[in-house]
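Chemist: If you want the building blocks of each chain, they are given just below.
Number of protein chains: 2
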Amino acid sequence: MGVSEFFLLLVSILVAAKLLGELAERVGQPAVLGELLAGVVLGASVLGVVDPETEMVHLLAELGVVILLFEIGLETDLKKLMAVGSSAAMVAFAGVVLPFGLGFGVALLLGLDTIAALVAGAALTATSVGITARVLADLGRLDDPEGQVVLGAAVIDDVIGLIILAVIAGVVAGTEVGVPQIAISTVKAFGFLVLAIVLGRFFVPGLFDLLGRLGRESNLAVMGLGFALLLSLAAERAGSALIVGAFAAGLVLQPTLWAPIVREGVVRLGHFLVPVFFVAVGAAVDVRSFGEPGVLLLGLALLAVGILGKVLAGFTPWWFKGRKLVVGVAMVPRGEVGLIFAQMGLAAGAVDGGQYSALMLMVMGTTFVAPPALRALLKNGDPPDPNPAAASELVTEI
Amino acid sequence: MGVSEFFLLLVSILVAAKLLGELAERVGQPAVLGELLAGVVLGASVLGVVDPETEMVHLLAELGVVILLFEIGLETDLKKLMAVGSSAAMVAFAGVVLPFGLGFGVALLLGLDTIAALVAGAALTATSVGITARVLADLGRLDDPEGQVVLGAAVIDDVIGLIILAVIAGVVAGTEVGVPQIAISTVKAFGFLVLAIVLGRFFVPGLFDLLGRLGRESNLAVMGLGFALLLSLAAERAGSALIVGAFAAGLVLQPTLWAPIVREGVVRLGHFLVPVFFVAVGAAVDVRSFGEPGVLLLGLALLAVGILGKVLAGFTPWWFKGRKLVVGVAMVPRGEVGLIFAQMGLAAGAVDGGQYSALMLMVMGTTFVAPPALRALLKNGDPPDPNPAAASELVTEI
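Line by line, the protein sequences give chains B and A. To convert, take the position in the first sequence, counting from 1, and add 744; that gives the working numbering. To convert, take the position in the second sequence, counting from 1, and add 744; that gives the working numbering.
Accuracy of the hints is not assured; some may be wrong.
To be verified - Ranges of calculated distance between the beta carbons of each label pair, as one might list FRET restraints: (1) A:PRO1037 <-> B:LEU1001: 26 to 32 Å; (2) B:ARG981 <-> A:PHE946: 54 to 60 Å; (3) A:GLU961 <-> B:LEU1056: 36 to 42 Å; (4) A:ALA1117 <-> B:PRO999: 41 to 47 Å; (5) B:ALA1091 <-> A:LEU1052: 41 to 47 Å.
Since the hints were derived computationally from the structure, they do not count as laboratory data. By construction, the Cβ of each residue, glycine as well, lies at the ideal position given by its N, Cα and C atoms.
My request is simple: use the sequences and hints to build the entire structure.
Modeler: As structure tokens, then:
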């Protein structure tokens, strides 16, 4: 690839992603939906500008998703999360089990093989912290009891989702699906996360204190990214996934004095690179496959159980006094992690092109449905938080 | 290249560049010197980690230098520059002519052919705005009369340097060196710059006003980069150089309301990508070639005339009341533009590996010599500006 070709590709990706992202926000949808659509439009089945299998696109997209998970980790306060309490944990747990079970069952019923059905079920598990928090903040509801439970549950199920991801990655890589393999993968994924956080919190803050005292602040963000890249490589070596390592790196740095500085630099880098990931994900969608009745049926069935599973999960903490329907609906949007499952499944050959498109339909559908539903539900409730601006500062910008 | 290999390469480049950059600053040298040394150490002739001809390294380095020139353009106030007056213009003009003539002559004397001698002379012309401004700010002297003249002259000779670059690029690409070719290249380069600025200032501010009013601020920086990439492609098509287009894009946006927002985002992106350029430049140096007496002799001779030419240029505005030696010494550091000449010459086959190393020796030598000399000179002068922090905010962070 020459320099001109590279620059043109980059301009197409960035301009299309930002324009359609803005447009999505104008019509009350999250920007990430516009970026995915930009990918679909630029991809092989429409304009043919972006081929996600080009080395350059592939590598920059991987860098983008590592940056995104590092950002999410940098914003995830483990202590606060543990204090949010039993309601969030219950919603998170039920919100993983119900969609996974329903999705796996529906996929098997529609004739998918076991591994493809596992990928489909797994892609249904994780609520998108970024999208959910953005929607709640835009509505000024982040500090409501419902908002707190949703935020806590979304973060917890993201962590569970990342562990499931590592398990599924192990299963997909192997030839047989058995209890021992799943157990080993769980231990590896959970073990890596725990070990990285414990060791990291012991050694890394001192290192960054040193770097922060000695050097320029602008260098801290670069060093932070270097740390995230190294930990993501370590995670892959340990049999986990790149993004688990990047998320762990964020969790390790989050309580340090330097987290806001690192976060600021990394978020701004993410403005340029995260869209490359979403565009690459969208570009892999073959819109022609929606013409096949099987694909459309699978996509709509997964979308239905994806919505149902999360809404039911919202009702599981019977002791919670707030509006359970609001909690359930707010948990519906899938995002990053669901997309990563779909992409990983496609790359490993566990799902085919049509099944991938069905999963994309599910992810995009849940993301599309939730914001207007939430807005309608909350109109009939109490008045919103008078200070939404302060709340929205807490939120990932995707 | 696989993802693991790409991440490891990126970590090596970023960590080595930032650590050696910090180290350079600790010993009173500009960070860019450390980043170049990091490239030399990572390059083929020492550790062999970074090969600047790998597609990935090459493309990211090109992106890095385009970002750097876009940053410099975003900080260059054409109006202020014209008001700085005759002294700055005189120093800039003499500071281009004297080193070019001396360098060309010395190179011919030492047996280089005409085109290689032209590249050598051209690489001697442009003072590094970034390095010079950083050094003056660190010493609290940006607002002194000497500081103002130096800053103006450095910006003007950067612009002249970029035009010379386009001329030399045209000459190097052609087979013969004649007055008509040089005239055509000058017209092309100057014409492109003028046309881009005039048309750009007419159409672009309105476009960015629209984007700024409609969308999120974080998207403006991404759109700004997109504009810079497009204009750099246009410059190349017009027979000029990529970086001339990027610089013009910066000049076009600089007077708009949105320049600070675009600049903030682009500078932060630059923290990650500009070092890739400097490391790639350093990695192309073959340290073994310094063992050849011819290379070392050429490098030292060019270094000598490089220092002499700029110091003499400082004395040319005879009407200037400040300390002329301070002006001359402050003009000595070469940087970005000199490196780009050397790299372009190498890529086009106009200079060989040994001559490239000699040019690198000159660039690094001038950058190495100036800060301590300036510090020694200014110790004997009047007390420094009491508020250096405010002044240093004006400065490119490289």
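Chemist: Each hint: holds or not?
Modeler: Cross-check of the supplied hints:
1. Range check, PRO1037 (chain A) to LEU1001 (chain B): Cβ separation about 53 Å, and the 26 to 32 Å hint is violated.
2. A hinted range of 54 to 60 Å for the beta carbons of ARG981 (chain B) and PHE946 (chain A) is consistent with their spacing of about 55 Å.
3. Evaluation of the 36 to 42 Å hint for GLU961 (chain A) and LEU1056 (chain B) yields a pass: the beta carbon distance comes to about 39 Å.
4. Distance hint for ALA1117 (chain A) and PRO999 (chain B): a CB-CB separation of about 46 Å, consistent with the stated range 41 to 47 Å.
5. Taking the beta carbon of each, ALA1091 (chain B) and LEU1052 (chain A) are about 60 Å apart, not inside 41 to 47 Å as hinted.
Consistency with the previously given hints fails for numbers 1, 5, ordered from lowest to highest.
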